[in-house]
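2 protein chains.
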Amino acid sequence: MYANCKNYRTIWVNRNDNKIISVIDQRYLPHKFVIEDLRTVDDVFVAIKDMLVRGAGLIGAAAGYGMYIAALEAPKDNNFDEFILKSAEKLNSARPTAVNLSWAIDKQLKAIKKGSSIEEKIKIAFDTANEIADSDALSCKKIGEHGSKIIEEISKKKNGKTVNILTHCNAGWLAFVDYGTALSPVYHAFSKGIDVHVWVDETRPRNQGARLTAWELEQQNIPHTVISDNVGGHLMQHGLVDLVIVGSDRTTYTGDVANKIGTYLKALAAFDNNVPFYVALPSSTIDWEIEDGINQIPIEQRGEEEVKYIQGLHEGEIKKVLLTPEKSHATNYGFDVTPARLVTGLIFERGICKANKKSILEMFNERKK
Amino acid sequence: MYANCKNYRTIWVNRNDNKIISVIDQRYLPHKFVIEDLRTVDDVFVAIKDMLVRGAGLIGAAAGYGMYIAALEAPKDNNFDEFILKSAEKLNSARPTAVNLSWAIDKQLKAIKKGSSIEEKIKIAFDTANEIADSDALSCKKIGEHGSKIIEEISKKKNGKTVNILTHCNAGWLAFVDYGTALSPVYHAFSKGIDVHVWVDETRPRNQGARLTAWELEQQNIPHTVISDNVGGHLMQHGLVDLVIVGSDRTTYTGDVANKIGTYLKALAAFDNNVPFYVALPSSTIDWEIEDGINQIPIEQRGEEEVKYIQGLHEGEIKKVLLTPEKSHATNYGFDVTPARLVTGLIFERGICKANKKSILEMFNERKK
Numbered sequence: 014m015y016a017n018c019k020n021y022r023t024i025w026v027n028r029n030d031n032k033i034i035s036v037i038d039q040r041y042l043p044h045k046f047v048i049e050d051l052r053t054v055d056d057v058f059v060a061i062k063d064m065l066v067r068g069a070g071l072i073g074a075a076a077g078y079g080m081y082i083a084a085l086e087a088p089k090d091n092n093f094d095e096f097i098l099k100s101a102e103k104l105n106s107a108r109p110t111a112v113n114l115s116w117a118i119d120k121q122l123k124a125i126k127k128g129s130s131i132e133e134k135i136k137i138a139f140d141t142a143n144e145i146a147d148s149d150a151l152s153c154k155k156i157g158e159h160g161s162k163i164i165e166e167i168s169k170k171k172n173g174k175t176v177n178i179l180t181h182c183n184a185g186w187l188a189f190v191d192y193g194t195a196l197s198p199v200y201h202a203f204s205k206g207i208d209v210h211v212w213v214d215e216t217r218p219r220n221q222g223a224r225l226t227a228w229e230l231e232q233q234n235i236p237h238t239v240i241s242d243n244v245g246g247h248l249m250q251h252g253l254v255d256l257v258i259v260g261s262d263r264t265t266y267t268g269d270v271a272n273k274i275g276t277y278l279k280a281l282a283a284f285d286n287n288v289p290f291y292v293a294l295p296s297s298t299i300d301w302e303i304e305d306g307i308n309q310i311p312i313e314q315r316g317e318e319e320v321k322y323i324q325g326l327h328e329g330e331i332k333k334v335l336l337t338p339e340k341s342h343a344t345n346y347g348f349d350v351t352p353a354r355l356v357t358g359l360i361f362e363r364g365i366c367k368a369n370k371k372s373i374l375e376m377f378n379e380r381k382k
Numbered sequence: 014m015y016a017n018c019k020n021y022r023t024i025w026v027n028r029n030d031n032k033i034i035s036v037i038d039q040r041y042l043p044h045k046f047v048i049e050d051l052r053t054v055d056d057v058f059v060a061i062k063d064m065l066v067r068g069a070g071l072i073g074a075a076a077g078y079g080m081y082i083a084a085l086e087a088p089k090d091n092n093f094d095e096f097i098l099k100s101a102e103k104l105n106s107a108r109p110t111a112v113n114l115s116w117a118i119d120k121q122l123k124a125i126k127k128g129s130s131i132e133e134k135i136k137i138a139f140d141t142a143n144e145i146a147d148s149d150a151l152s153c154k155k156i157g158e159h160g161s162k163i164i165e166e167i168s169k170k171k172n173g174k175t176v177n178i179l180t181h182c183n184a185g186w187l188a189f190v191d192y193g194t195a196l197s198p199v200y201h202a203f204s205k206g207i208d209v210h211v212w213v214d215e216t217r218p219r220n221q222g223a224r225l226t227a228w229e230l231e232q233q234n235i236p237h238t239v240i241s242d243n244v245g246g247h248l249m250q251h252g253l254v255d256l257v258i259v260g261s262d263r264t265t266y267t268g269d270v271a272n273k274i275g276t277y278l279k280a281l282a283a284f285d286n287n288v289p290f291y292v293a294l295p296s297s298t299i300d301w302e303i304e305d306g307i308n309q310i311p312i313e314q315r316g317e318e319e320v321k322y323i324q325g326l327h328e329g330e331i332k333k334v335l336l337t338p339e340k341s342h343a344t345n346y347g348f349d350v351t352p353a354r355l356v357t358g359l360i361f362e363r364g365i366c367k368a369n370k371k372s373i374l375e376m377f378n379e380r381k382k
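Going down the list, the sequences are from chains H and C. Each residue of the first sequence is one higher than the one before, starting from 14 at the first, in this note's numbering. Each residue of the second sequence is one higher than the one before, starting from 14 at the first, in this note's numbering.
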């Protein structure tokens, strides 16, 4: 997608030197656009751990390239395999709860094993990393194609008047390799000339909406308005939202959706006002083991400092300010679960289905036992 | 209530010189506790306009004392009455939408008129100002007594285990002369030894929860936890909220409640999880003209800079930081309307009633035509 009028992915192989992996450092967005070069396993570890890169798809891709860098960095002798395994372990520990991280590393380990020489192993690692990244981008592109049909239909019903879409958090291209999930349908519809406008929930405490989603949309020239997380209900009561699309961090095969904290409140408001509420997600986020999302999906609690402090731009510099009384405590749940009954539909790379066991199993036929 | 271990009201007559009115300057809370002395009508005008004082009850009381100061400041000759009228006009323009402002000024104008000498007029203005302040404090105290019974009942049902109360925005003593509305029942219950804990919605964009409610509770030593506005639904899903109490800026006689933006989302979550949702309010906030809150109560839109920027403490100084891309726009609705069907009950100074026309008219018998 566009950043500073140039086409980017969130992670790529340096054009002049394919031993270097470049990423956009998302910690400074929207205030500063910084590209970092990753040359060692340590660099990749820090990039994931310190959240230069974040978001399910992007973490997976970064881990994939990290294993390629490990193969480059490894001693070209009998210690090669040991270095690869240690690197895998290290990268895996960067964000232990990220499902895509271990998935990409395991995929690389299996692939690299097949090489009969060190040179071949490096080549396999490179190809596999590219494949992981390409496949993530392709899934997101397809989600966009399917999802844009919903937007197109609403546009037709409104005789071409602006379609107002509300989104929560950032499930745009910055969270993946390209396109994103919740925003991909918006990008696709916009590129087809459909008149869209996005309400961007700022998404406290980490403000991924105000910082990342707003920046993404601004860079693509898509009309958008930032709102505090409190506003969506009022907008829906007054007919100012035609559609809600959010992403998902984990979805039960029964249709319950774990996503950024606050998603449930928007789903309630959408339901109360007959606004369609869609979740866009790659099929990799389905949890085939869990039936009851609210009681079974573990919810990450993060540090209270993310609530008590906030970061922003002051006189050209990024600064952190204290928002609460020094002595007050804060609690910081990262996600909540939206029950399937509030979800209109799920937008997968395969197509759209209802948020219930029957529809999901029909779409993923191979899972039927 | 307590501030720095001393008992305060939000506005008071200086003990050493009853020609000076003192207020807590709320702009710097929770980071700095500043008291300002108001000596002229201009001082009072600026205090209301620049929001040194805010909140329905406190604005009314400040206007009352402002008219007393006008009587003191007025020339003691034929021009006295003209100065009083001009001062009334000036004060009225400080926050034109605040209902309590014009109500207090009108009350003073009528009262002052009855004095037969300038000296007597000054005395009347002083007494009336005190009466407005005392009556506000008394109403809030009574709301606390009635509301605490709800908390006490829950405490009994839980066999004395902590009662978890969620509140949104600041409807505490800082918004009134003393005690507050939504927090008054909490203070009363706490003083009776009931084990309470308050979930404080930070209440973006102006963060009255994180700044003012958290500070109030911390100063009274009441256990509390600040949360982002996104969290309440998740807490309710997991049984971590026993009761929601919020304030009201305007309530229709049919029970629809206009309150700080985001209140509606918490009401939806409370309803979805069978959590009682109460609104605490002085009867002066009832609008006897309007039937349909959602379609008839005008909702104030404020400047986008309140969403795009936020203020906090950085190295001992209060600073404002930019949160969004510079070019992104923001929209800032100040209030939303919670339909009566989601409200469990209304806590007035007279007692508690249901949020419907019949119950409200039964409580305000004199309004029945």
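If you are wondering where the hints come from, they were derived from the structure by calculation, not from laboratory data. Worth double-checking, as some hints may not be accurate.
Which copy is meant is left open, so a pair is good if it fits within one copy or across any two.
[Stated by the list, open to error] Here are the simulated DSS-like pairs of lysine-lysine, each with C-alpha atoms no more than 27 Å apart in a straight line:
id : residue 1 : residue 2
1  : Lys45     : Lys332
2  : Lys340    : Lys205
3  : Lys205    : Lys45
4  : Lys169    : Lys154
5  : Lys123    : Lys169
6  : Lys45     : Lys367
7  : Lys19     : Lys340
8  : Lys45     : Lys99
9  : Lys136    : Lys174
10 : Lys333    : Lys162
11 : Lys340    : Lys45
Now for the hints, and whether the structure bears them out:
1. When the C-alpha separation of Lys45 and Lys332 is checked against a cutoff of 27 Å, the pair qualifies both within a copy, at 13 Å, and between copies, at 20 Å.
2. Proximity of Lys340 to Lys205 under the C-alpha cut-off of 27 Å is restricted to the inter-copy arrangement: shortest distance 24 Å between copies versus 52 Å within a copy.
3. For a Cα distance limit of 27 Å, the shortest separation of Lys205 from Lys45 qualifies neither inside one copy, at 30 Å, nor across copies, at 53 Å.
4. Taking identical chains as interchangeable, the C-alpha atoms of Lys169 and Lys154 lie at most 27 Å apart only when both belong to the same chain, with a minimum of 23 Å there against 56 Å between chains.
5. Proximity of Lys123 to Lys169 under the C-alpha cut-off of 27 Å is found in neither arrangement, the shortest distances being 48 Å within a copy and 60 Å between copies.
6. In this assembly of identical chains, the alpha carbons of Lys45 and Lys367 never lie at most 27 Å apart, being 40 Å within a copy and 53 Å across copies at closest.
7. In this assembly of identical chains, Lys19 and Lys340 lie within 27 Å of each other by CA distance solely across copies; the values are 18 Å between and 46 Å within a copy.
8. When the C-alpha separation of Lys45 and Lys99 is checked against a cutoff of 27 Å, the pair qualifies neither within a copy, at 34 Å, nor between copies, at 51 Å.
9. For the homomeric pair Lys136 and Lys174, neither the shortest alpha-carbon distance inside one copy (51 Å) nor that between copies (63 Å) is at most 27 Å.
10. Taking the shortest alpha-carbon separations for Lys333 and Lys162, neither the intra-copy value of 42 Å nor the inter-copy value of 42 Å comes in at or below 27 Å.
11. With identical chains, the CA atoms of Lys340 and Lys45 are at most 27 Å apart between copies only, with a shortest distance of 13 Å across copies and 32 Å within one.
Checked against the numbered hints listed earlier, the structure breaks hints 3, 5, 6, 8, 9, 10; every other hint is satisfied.
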